[in-house]
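Protein chains: 2
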Amino acid sequence: MLILNSPEVTQETCVRWKIESQVALVPTMGCLHEGHLALVRRAKELALKVVVSIFVNPLQFGPNEDFKKYPRAFEEDCKKLESLGVDLLFYPTVKDLYPESFATKVSVGEIGHRLCGAFRPGHFDGVATVVLKLFEVTACDFAVFGEKDFQQLTVIQQLTRDFNLPVCVVPYPTVRAKDQVALSSRNNYLSPKEREAATQIPIAFKLAQEEVTQNPRQTVEELLKKISPLLTSQELKLQYLEITQNRELLATQPNDCIQSLILPHLFVAVYAGTTRLIDNLSLKGFIYEKA
Amino acid sequence: MLILNSPEVTQETCVRWKIESQVALVPTMGCLHEGHLALVRRAKELALKVVVSIFVNPLQFGPNEDFKKYPRAFEEDCKKLESLGVDLLFYPTVKDLYPESFATKVSVGEIGHRLCGAFRPGHFDGVATVVLKLFEVTACDFAVFGEKDFQQLTVIQQLTRDFNLPVCVVPYPTVRAKDQVALSSRNNYLSPKEREAATQIPIAFKLAQEEVTQNPRQTVEELLKKISPLLTSQELKLQYLEITQNRELLATQPNDCIQSLILPHLFVAVYAGTTRLIDNLSLKGFIYEKA
Chain C
5 MLILNSPEVT QETCVRWKIE SQVALVPTMG CLHEGHLALV RRAKELALKV VVSIFVNPLQ
65 FGPNEDFKKY PRAFEEDCKK LESLGVDLLF YPTVKDLYPE SFATKVSVGE IGHRLCGAFR
125 PGHFDGVATV VLKLFEVTAC DFAVFGEKDF QQLTVIQQLT RDFNLPVCVV PYPTVRAKDQ
185 VALSSRNNYL SPKEREAATQ IPIAFKLAQE EVTQNPRQTV EELLKKISPL LTSQELKLQY
245 LEITQNRELL ATQPNDCIQS LILPHLFVAV YAGTTRLIDN LSLKGFIYEK A
Chain G
5 MLILNSPEVT QETCVRWKIE SQVALVPTMG CLHEGHLALV RRAKELALKV VVSIFVNPLQ
65 FGPNEDFKKY PRAFEEDCKK LESLGVDLLF YPTVKDLYPE SFATKVSVGE IGHRLCGAFR
125 PGHFDGVATV VLKLFEVTAC DFAVFGEKDF QQLTVIQQLT RDFNLPVCVV PYPTVRAKDQ
185 VALSSRNNYL SPKEREAATQ IPIAFKLAQE EVTQNPRQTV EELLKKISPL LTSQELKLQY
245 LEITQNRELL ATQPNDCIQS LILPHLFVAV YAGTTRLIDN LSLKGFIYEK A
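As they're listed, the protein sequences go chains C and G.
For the first sequence, the working numbering assigns the number 5 to the initial residue and increments by one for each residue that follows.
For the second sequence, the working numbering assigns the number 5 to the initial residue and increments by one for each residue that follows.
Each hint should be verified, as a subset may be incorrect.
Just so you know, same-sequence chains aren't split out, so a pair can sit in one copy or run between any two.
Heads up, simulated SDA-like pairs for lysine to any residue below, C-alpha to C-alpha not over 25 Å straight-line [to be verified]:
{"no.": "1", "residue 1": "152", "residue 2": "211"}
{"no.": "2", "residue 1": "288", "residue 2": "105"}
{"no.": "3", "residue 1": "73", "residue 2": "221"}
{"no.": "4", "residue 1": "182", "residue 2": "100"}
{"no.": "5", "residue 1": "99", "residue 2": "168"}
{"no.": "6", "residue 1": "22", "residue 2": "172"}
{"no.": "7", "residue 1": "99", "residue 2": "172"}
{"no.": "8", "residue 1": "210", "residue 2": "78"}
{"no.": "9", "residue 1": "241", "residue 2": "170"}
{"no.": "10", "residue 1": "22", "residue 2": "206"}
{"no.": "11", "residue 1": "152", "residue 2": "105"}
{"no.": "12", "residue 1": "99", "residue 2": "115"}
{"no.": "13", "residue 1": "210", "residue 2": "96"}
{"no.": "14", "residue 1": "229", "residue 2": "245"}
{"no.": "15", "residue 1": "99", "residue 2": "254"}
{"no.": "16", "residue 1": "230", "residue 2": "68"}
{"no.": "17", "residue 1": "83", "residue 2": "280"}
{"no.": "18", "residue 1": "152", "residue 2": "12"}
{"no.": "19", "residue 1": "84", "residue 2": "221"}
{"no.": "20", "residue 1": "99", "residue 2": "165"}
{"no.": "21", "residue 1": "72", "residue 2": "252"}
{"no.": "22", "residue 1": "210", "residue 2": "79"}
{"no.": "23", "residue 1": "288", "residue 2": "86"}
{"no.": "24", "residue 1": "182", "residue 2": "209"}
{"no.": "25", "residue 1": "48", "residue 2": "209"}
{"no.": "26", "residue 1": "230", "residue 2": "126"}
{"no.": "27", "residue 1": "230", "residue 2": "59"}
It is worth saying that the hints were derived from the structure and are not from the lab.
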């Protein structure tokens, strides 16, 4: 496995590869868990050459967020990627991607202000900026993103469409632990008690799923009222709980009937202690289940 | 010459071409004059396949600017490009490049607020956004830009560097009429009297050049004081006259000595009647001339 810091050398390498085959990229912030590895296995199915990037992107962290303490585990990450047969690990420094003269950014517009964006101003602009750079550096034909960060995936799909990027963005289903909690590098922050409390998220999702299957005609407000109590406790503080209506993640009205929505999707963010956890669930399938 | 509206078909075509050769792009807003044609000839020297785009980009026009009345001459443009052996003319509609869902934009940062940007808020973000899209659609290896729009060229160079775009941005010297007025599609707006007044710009440039050659130790303020009177008359209203200091077009201080600047560059914008004209001149060479 090649390990490269330089954007220029990485670009040269990938452009050379592209002549004879295709390149699939898995962008990560490292501290790799089974969720990341599932993305890498998917990438291996898509293209002959697989590139993984590890970069904790300062541009997508707010001033009071966890950029500095974000978990890093480079040696172990390398072993995992090597064993999966990754061809190139792109591992730039902050200066490699953002030299002093750096000034141009992506602005994702309205979607960047909703859901997580309402609580993390500039976050999705930072994500879109680094992802565009990674797409260019790796000249990738495919890029695999986990549905765990569903708003991020939507932002990247919008970026790709709006800027005519010649990249196929491939979503991959959220990988969950045995207790159904979504895998996340930030789960490393959780105390055993907080980890236990986090299981309320999949429990709430199960209830939402049952509710929608039973009564797809109920309103957004009715459904949210039933599940939000599960997400508030001594260990858990609800940041937001929302249902969006379509592929663009447009907000719904409280009295919108779930069944009438094009693509109802449930989003949640909670704090377990000081750790922020997010998760999401498509409700569309459960409506159809009954119909 | 292929003429295509569709970004998707254009991208497919160009990506196919790229396998066997290289692609050079000349982005234009149409109403082609000898300046544009010089860019096309330069493109022909750079790559086997030459793509010209004609698109009057609404994103780079302010609400009170001349988007609607901007001169269009499609039939004549086609003949000119055909006769130069252009391979593909990309001629999208506004909806082709900006469908209803379009939301992601490029933000060029501080440089977008200086010089022309101070008077045309959002202009360079609009330019950078469409140019990024054109780079992606045409998969170009080279893109040729005239130095007439020097700040635009600088913005595109910054965009290309900051986003790691695999494109070589090629500057081309300003093409001037016999009377040394820079060619511009907007010259079509000028009355004979205004056209005559516009010659004050190259006359002012000649004075600046002589002044700098004679006395490279004079200050920015001293030099500007000498040339600004030439740019104010009944037909001419000066919008701005500035000297920048380096490749990033950073502003100078009034008492900066011209000779001490890394890359002194003179910028001017005037109104001749209701028509806005811009021009620029590198002063670096004239300092060296004497030294």
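Here is how each hint holds up against the structure:
Proximity of residue 152 to residue 211 under the C-alpha cut-off of 25 Å is restricted to the intra-copy arrangement: shortest distance 19 Å within a copy versus 64 Å between copies. For the homomeric pair residue 288 and residue 105, the shortest alpha-carbon distance between copies (22 Å) is at most 25 Å, but the shortest distance inside one copy (46 Å) is not. In this assembly of identical chains, the alpha carbons of residue 73 and residue 221 never lie at most 25 Å apart, being 45 Å within a copy and 52 Å across copies at closest. Taking identical chains as interchangeable, the C-alpha atoms of residue 182 and residue 100 are never at most 25 Å apart, the minima being 39 Å within one chain and 47 Å between chains.
In this assembly of identical chains, residue 99 and residue 168 lie within 25 Å of each other by CA distance solely across copies; the values are 14 Å between and 28 Å within a copy. For a Cα distance limit of 25 Å, the shortest separation of residue 22 from residue 172 qualifies both inside one copy, at 15 Å, and across copies, at 19 Å. With identical chains, the CA atoms of residue 99 and residue 172 are at most 25 Å apart between copies only, with a shortest distance of 22 Å across copies and 28 Å within one. Neither within a single protomer nor between protomers do residue 210 and residue 78 lie at most 25 Å apart by alpha-carbon distance, with minima of 35 Å and 60 Å respectively.
Taking the shortest Cα distances, residue 241 and residue 170 never come within 25 Å of each other, neither inside one copy (41 Å) nor across copies (46 Å). In this assembly of identical chains, residue 22 and residue 206 lie within 25 Å of each other by CA distance neither inside one copy nor across copies; the values are 41 Å within and 48 Å between. Taking the closest pair of Cα atoms, residue 152 and residue 105 come within 25 Å of each other only across two copies (24 Å); inside a single copy the shortest separation is 34 Å, beyond that limit. Taking CA atoms no more than 25 Å apart as the test, residue 99 paired with residue 115 passes between copies only; the shortest distance there is 21 Å, against 28 Å inside one copy.
Taking CA atoms no more than 25 Å apart as the test, residue 210 paired with residue 96 passes in neither setting, with 40 Å inside one copy and 48 Å between copies. For a Cα distance limit of 25 Å, the shortest separation of residue 229 from residue 245 inside one copy, 10 Å, qualifies, whereas the shortest one across copies, 62 Å, does not. Proximity of residue 99 to residue 254 under the C-alpha cut-off of 25 Å is restricted to the inter-copy arrangement: shortest distance 22 Å between copies versus 36 Å within a copy. Within a single copy, residue 230 and residue 68 get their C-alpha atoms no closer than 32 Å, and across copies no closer than 52 Å, so neither meets the 25 Å cut-off.
Neither within a single protomer nor between protomers do residue 83 and residue 280 lie at most 25 Å apart by alpha-carbon distance, with minima of 28 Å and 61 Å respectively. In this homomeric assembly, residue 152 and residue 12 never come within 25 Å of each other (Cα to Cα): the closest approach is 31 Å inside a single copy and 30 Å across copies. When the C-alpha separation of residue 84 and residue 221 is checked against a cutoff of 25 Å, the pair qualifies neither within a copy, at 46 Å, nor between copies, at 62 Å. Within a single copy, residue 99 and residue 165 get their C-alpha atoms only as close as 29 Å, which misses the 25 Å cut-off; across copies the closest is 13 Å, which meets it.
Taking the shortest alpha-carbon separations for residue 72 and residue 252, neither the intra-copy value of 32 Å nor the inter-copy value of 31 Å comes in at or below 25 Å. Proximity of residue 210 and residue 79 under a CA criterion of 25 Å is satisfied in neither setting, with 37 Å inside one chain copy and 63 Å between copies. Proximity of residue 288 to residue 86 under the C-alpha cut-off of 25 Å is found in neither arrangement, the shortest distances being 38 Å within a copy and 52 Å between copies. With identical chains, the CA atoms of residue 182 and residue 209 are at most 25 Å apart within one copy only, with a shortest distance of 15 Å there and 74 Å across copies.
Taking the shortest Cα distances, residue 48 and residue 209 never come within 25 Å of each other, neither inside one copy (31 Å) nor across copies (60 Å). In the homo-oligomer, the alpha carbons of residue 230 and residue 126 never lie at most 25 Å apart, since the shortest distance is 32 Å inside one protomer and 46 Å across protomers. In this assembly of identical chains, the alpha carbons of residue 230 and residue 59 never lie at most 25 Å apart, being 39 Å within a copy and 53 Å across copies at closest.
In terms of the numbered hints stated before, the structure departs from hints 3, 4, 8, 9, 10, 13, 16, 17, 18, 19, 21, 22, 23, 25, 26, 27, listed from lowest to highest.
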